[in-house]
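S.K.: All chains, please: the whole structure from these sequences, using the hints.
There are 2 protein chains.
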Amino acid sequence: MEGIDKYELLSDLAKRRGFFWPSFEIYGGTSGYLDLGPLGAKLKRRIEDKWLDLFVYRHGFVAISTPVITPEKVFVASGHIEHFKDLMVTCEECKRHFKADYVITEAMPGRADIAAEAMSPAEIDSFIAENHVRCPECGGKLGKSEYFSTMFKTNIGPYSDALGYGRPEAAQGIFVDFKRVYETSREKLPLGIAQIGTVMRNEISPRQGPIRLREFTIMEIECFFDPEERKCKYLNDVKNAVLPLYLSKTREQGSADLTQVTVQEAIERGFVLTEWSAYFMALSIQFANSLGIPPEKQRFEEKLPAERSHYSSQTFDHQIWLDRWGWVEIAGHAYRTDFDLSAHMKYSGVDLTIFKPHAATVTKKTTVIVPLEPVLGPLLREKAQAVLNALLSSKPEEVKAAFQKAGYFELQGFKILPSHLRFEERSIRETGRRFLPHVVEPSYGAERIVYSALEYSYNRVKDRVVLKLPVDLAPTQMMVFPLMAKNGLAELSAEIQEFLSGQGFEVEGDEGGTIGRRYARADEVGVPLSITVDYQTKENGTVTLRDRDTWQQVRNEWKAIPGLARQFFQRKLTFLELGTPVKVAYE
Amino acid sequence: MEGIDKYELLSDLAKRRGFFWPSFEIYGGTSGYLDLGPLGAKLKRRIEDKWLDLFVYRHGFVAISTPVITPEKVFVASGHIEHFKDLMVTCEECKRHFKADYVITEAMPGRADIAAEAMSPAEIDSFIAENHVRCPECGGKLGKSEYFSTMFKTNIGPYSDALGYGRPEAAQGIFVDFKRVYETSREKLPLGIAQIGTVMRNEISPRQGPIRLREFTIMEIECFFDPEERKCKYLNDVKNAVLPLYLSKTREQGSADLTQVTVQEAIERGFVLTEWSAYFMALSIQFANSLGIPPEKQRFEEKLPAERSHYSSQTFDHQIWLDRWGWVEIAGHAYRTDFDLSAHMKYSGVDLTIFKPHAATVTKKTTVIVPLEPVLGPLLREKAQAVLNALLSSKPEEVKAAFQKAGYFELQGFKILPSHLRFEERSIRETGRRFLPHVVEPSYGAERIVYSALEYSYNRVKDRVVLKLPVDLAPTQMMVFPLMAKNGLAELSAEIQEFLSGQGFEVEGDEGGTIGRRYARADEVGVPLSITVDYQTKENGTVTLRDRDTWQQVRNEWKAIPGLARQFFQRKLTFLELGTPVKVAYE
Chain F
1 MEGIDKYELL SDLAKRRGFF WPSFEIYGGT SGYLDLGPLG AKLKRRIEDK
51 WLDLFVYRHG FVAISTPVIT PEKVFVASGH IEHFKDLMVT CEECKRHFKA
101 DYVITEAMPG RADIAAEAMS PAEIDSFIAE NHVRCPECGG KLGKSEYFST
151 MFKTNIGPYS DALGYGRPEA AQGIFVDFKR VYETSREKLP LGIAQIGTVM
201 RNEISPRQGP IRLREFTIME IECFFDPEER KCKYLNDVKN AVLPLYLSKT
251 REQGSADLTQ VTVQEAIERG FVLTEWSAYF MALSIQFANS LGIPPEKQRF
301 EEKLPAERSH YSSQTFDHQI WLDRWGWVEI AGHAYRTDFD LSAHMKYSGV
351 DLTIFKPHAA TVTKKTTVIV PLEPVLGPLL REKAQAVLNA LLSSKPEEVK
401 AAFQKAGYFE LQGFKILPSH LRFEERSIRE TGRRFLPHVV EPSYGAERIV
451 YSALEYSYNR VKDRVVLKLP VDLAPTQMMV FPLMAKNGLA ELSAEIQEFL
501 SGQGFEVEGD EGGTIGRRYA RADEVGVPLS ITVDYQTKEN GTVTLRDRDT
551 WQQVRNEWKA IPGLARQFFQ RKLTFLELGT PVKVAYE
Chain D
1001 MEGIDKYELL SDLAKRRGFF WPSFEIYGGT SGYLDLGPLG AKLKRRIEDK
1051 WLDLFVYRHG FVAISTPVIT PEKVFVASGH IEHFKDLMVT CEECKRHFKA
1101 DYVITEAMPG RADIAAEAMS PAEIDSFIAE NHVRCPECGG KLGKSEYFST
1151 MFKTNIGPYS DALGYGRPEA AQGIFVDFKR VYETSREKLP LGIAQIGTVM
1201 RNEISPRQGP IRLREFTIME IECFFDPEER KCKYLNDVKN AVLPLYLSKT
1251 REQGSADLTQ VTVQEAIERG FVLTEWSAYF MALSIQFANS LGIPPEKQRF
1301 EEKLPAERSH YSSQTFDHQI WLDRWGWVEI AGHAYRTDFD LSAHMKYSGV
1351 DLTIFKPHAA TVTKKTTVIV PLEPVLGPLL REKAQAVLNA LLSSKPEEVK
1401 AAFQKAGYFE LQGFKILPSH LRFEERSIRE TGRRFLPHVV EPSYGAERIV
1451 YSALEYSYNR VKDRVVLKLP VDLAPTQMMV FPLMAKNGLA ELSAEIQEFL
1501 SGQGFEVEGD EGGTIGRRYA RADEVGVPLS ITVDYQTKEN GTVTLRDRDT
1551 WQQVRNEWKA IPGLARQFFQ RKLTFLELGT PVKVAYE
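Protein chains in written order, with the working numbering: chain F, 1 to 587; chain D, 1001 to 1587.
Possibly wrong hints are sitting among the right ones.
To be verified - Taking lysine-lysine pairs in the DSS-like style, the calculated list, with each CA pair at most 30 Å apart, reads:
1) D:1468 / D:1015
2) D:1356 / F:15
3) F:73 / D:1095
I should point out that these hints are in silico values taken from the structure, not numbers from a laboratory.
No experiment lies behind these values; they were computed from the predicted model shown.
M.R.: Here it is in C-alpha cells:
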C-alpha cells in the first residue's frame, strides 16, 4: 500500500459500498460537489443527531431553519458583500483560475512561515514576481491577483434588481431571527440558536475532494449572552479538560508548539476571550473524540487578525490531522461580539436590543441623541422613520467619533451631519437596561466530519478492511445471515431480521457467498454485530453474535438481543456481555 | 372569529410560539420564503422521519443526498431548461409581474372549467384581450405573455460559461446516480432511491404564505422497476384501500365528482397505469391520515396532458382541502417511465442500462445499429467516443423513425444521417437482456405538510386554542410543572424533567403563572402530556398527568412514566391507562 494514502483507499471503498462519491460523475464531475450514498447519508444523519444532543438540546437551546437563498440587503448589512471574497490569479497562457494563496503554498512546500492567506493583493503580486511563481498546471505566467466573490449570486423572481446569494453560513438567518426566537423562548439569556442546513461557497478551484466543497451542510450555534454577565454556567463540568492551543503568537514565531492548558487556565491566562468559547471548545474535543478521532490528532489554531473573518474578535479553528491534507479545520469557534446584531439593527432600522429590568430603579446621567427632525425629515423623505429609529438606537459615542473622524455619521446610505442633531446630557431613571447580546459561535462542516470519522475508522486487519466506526455511529447496526439458504434457515433469518428492524435497529441481511465472505463484507462497512442463524437456532432459538472489532463470538437467544444490543450500542455493555462465548467457527 | 380564516389564526400562533414566520422579516420580508422556528423545525424533522419509515426503510429502499446547485448540462438532458418555465404577464402601468394563469384565475372566480395552467401563450393573450382582464394590483393594461424560467440561475466558480441552477426537484440527482446506487445495493430491482433535501423554484410572484415557496424541502422517491415485471409485491397489503380519484375525463366534463375505487379496481379499470403508483397512492392516504388529515378532505387529481410535467406519462396530485386556499397539492405521483434515464444516457454517453440474465440462453433475431466509423469518426472529432456509445445504445426503431420523419437522428447536437450507419439483422445468443428500468415517483413538499398538519390540529375549545397534533408528531411531548415554585417543588420538578429528558423524551418546564395558564400554554402548542409536581410527589413519588385532548387527569409514580409514555406515544396505550384517574383540580 506504499504511496497510496488513506483518502484513495477510502474513496474506492466509499464508491463501491455507498458512502460517498463525486457528484455528476456520468457528466465528468464538477469539482467541489459530493454525493452521499445510502450509508454516507445515514452516517451523516447520525452525526447531526449526536451534535444536536451534545451541543443544543441538553442546554435547552433551540434549532431553527431559514432559507439558503438570501436577499442582498442581508449580506450588505452583515459585511459579506464587502468581505466574503478570495484573491484569485489567472494563468495568462492556459487561462485557468487559481486561489492565490493556493498557488503560493504549492510553490513553496514546507514553508509554514508564509501566511499566504493573510497577504494583500499587492503582497501576492510581488511575492509571485520575486519568487518566480508560475501556473501550477501549465507553468505559464500568472496575471495580477484580483478579488472573486465566493458567494453564489442569483436573482429572486423576475425583477432584475432583486439580487440574492446562496448563504455562505447559516448564521445570518439566525441573527435576523434573533428577536423573534428570543420572544418565543421566554426571553431568557443565554440563548443558543442552532441551525443545520445547506450552505454554499463558490470556491475558485476546489481540488480536495470531500474537504473543500462548494456546497455542504453546516451545523452552527449562535450562543447569545449578556456581555455584562459573561459566566458560562457549564464551565465547571469541563474546567480541567485540556485544550491543545496553537496560539497566534506561537505561529508568528514560526513554531509548531502547542500550548496545552486546562479550560480554566485558558481563561485565566487570557488565551480564550470568553468562557462560552472555552466551554464549546472543550465540548468540541469531546465531540471529535466520540467520532473516533484521538486527542493527539487535534488542536485549536488561533487565527491571525488578517486571517479572521471580518465579524470575529477571536477565532480558533478546531483542526484534526488527515492523512493526505495534514491539519484540516473541522470547526471554527468565533467570538462575534455584537457585530452582527448591531449591523442588522443599523441597516434594518429595527431595534434588536433586549431589555433587562434592574432589581431596583436607578438614576443615571447619560448622553442622548436628539435628532433635529425639522432639518432631517425633509432630507430623508420616505426613509425618515427607519433612519430616525436607527439614529436613536445608535451609540452617542460612536456618532461623536464619526463626526470627529469623518465629519459625518453614515446610516443607511445617508450622511448624518452634526447640524442634524444635538447631544443632550440627561438624568434618566432607569428601570432596566437595553443592550445587544454578545455572540459566541461554534460552527461545524458535516461532510468533513463524515469523512474524518471514516478515515479514522479505516483499518486493515490481516488481508481485509475493517471500518471501526464508533458503534453508536454505524449506519448499519447488525447483519443477519442464515448459515445456508436451505432447510428453512433463510426464512428464519428473514424473520429475525424483521423482528430486530421492528425494534428500531438498522438491520440488513446478506445471503451471498460463504459466512466468511459475509463477515468480511460486514467489516468493510463497519457493521458492529453480525448474527448467524444455524441449525441450533431452529432447535433452541439461539444465534451466534460476532464482534466486528475483536472477531470474538458469543451465543444467545435471538429474542434477548434487543435489550442487550441497545445497551451495547449505548456502550453500557461490552461485547462479551451479550452472551456465552463460543469457539470461532468461521472468519 | 367571522371572516378570519385558519391561516390567519394559525400564522399569529405560529409566530408567537415559534412554529413558522416569513423570512427576513426585519428587512420587510421576501415573498416565497419561510422560516421554521424551534417547534416548526422539530415538527418537520418528525414528519421527515415518519415519511422515511413509511415510504423508504420498510421496503428496504435507500436514501441519498446530492447537491442543490446542479450544472446546466444535467438540466439540458432532463428537459428542464426547455420545459421548466412559467408564462408571465407584466402590467404596462405598474410594471408588476404576474404568473399568467394566476391573473386569469383571479379574474374569473369560481370558473373551475377554465384550465388556465394548460393555456398556450397565444391562448393566454387572447383570453386576456377578450375578457378584458386587467392588472390585479393597479387595474392597468397587461402586456403580452412571455416565458420566465423558474429555475434559479447562477455561475459555478469563476468561469463564465459554467452555468448552474438551483435544482427544482431532487430527482435528477437520483437519476444521474442510479447506476452507482444500483451497484452498491446488490443490483436488485425494484430499487427505491429517496432523497430529502432543499429545492428551489423561482416563482414569479408567490403570494400564498407557506403554500407556494421559492425554497422548500422535498421528500422524493424514485422507484425503479423492470418494465417487464411490473408487479408490486406490496399491493396485496392495500388492495382494498379506497382511492378518491378526480379523473381527467371527469375534469374535462366540468364535473367535481370523485371516482371512489379500491386500489385493485383502479388498476383493473386502467385508471392508474402502474401497480407501484397505486400502491404509493394508498400509502399516501395512510400518511396524510396519520398527520390528522381526514380521508374526506383528500383526493387525487389526475393532471391533464397539458398540465403534466414533460417527463410524466401520468400524474396524480394528492390534494387536501385547506381553509384559505381550497384544494392544495401536498404530493405528486408521476409515472416517469424511462424518460429521465434514457435522456441522461443519451446526453452523457454513459450506458445506464442494467443487465438481467435469462434463466437459459436464448437465440433471437434482432436489428442492430452498425455505425460506419470511417465516415462518422472524422465528423465527430473528439466527441466520437461519446456519440458512438450513445448511438450504439439508441433503439434502432427510434433511429429509423427519426430518419423517416426528419431525415436525421439528433444525438448530442450532431445530426446522424442514414449514410452514417447501416442496420443489420442479426441472430443473437442472448444470455440475458439489457434494459432501462421504469420509474414511479411519489414526491412531497415538507413545509406544506407541516402547515397542513398544523391547520388540521387547530381547535378552539371553550376560550382557548388546543393544537391536537397526532401525539407521535408533537414537537414537545411533555411539560413538567411544579404546583408552586417553593418548598422544594421547583427542584423536584427540574429533577423529574431531567430524568424524562435522559430517557429520550422531548420535555420542557414552565414555572410562570397559575397551573391553569400553564396548561393553556401547553395546549396551544400541542403538548400531549402535562405533569404536575405537588406535595404528594414529595411524600409518595406520584405526579398528576393531564391529557391535552380530554383534559382528564390520572396519577402515577413519576418513575413509571417512561415505559408507559413510550407506549402512549406509539398509540399502544390510551391516556386513561397511564395511571389512576383523579378529579380534575385545575384546568
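S.K.: Take the hints in turn and mark each one as holding or not.
M.R.: Tested hints:
At most 30 Å may separate the alpha-carbon atoms for a hinted pair to count; residue 1468 of chain D and residue 1015 of chain D meet this at roughly 18 Å. Between residue 1356 of chain D and residue 15 of chain F, the direct Cα distance comes to roughly 22 Å. Compliance with the 30 Å bound is thereby established for this hinted pair. Taking the CA atoms of residue 73 of chain F and residue 1095 of chain D, the gap is near 22 Å; set against the 30 Å cutoff, the hint holds.
The structure is consistent with each of the numbered hints, conforming to all of them.
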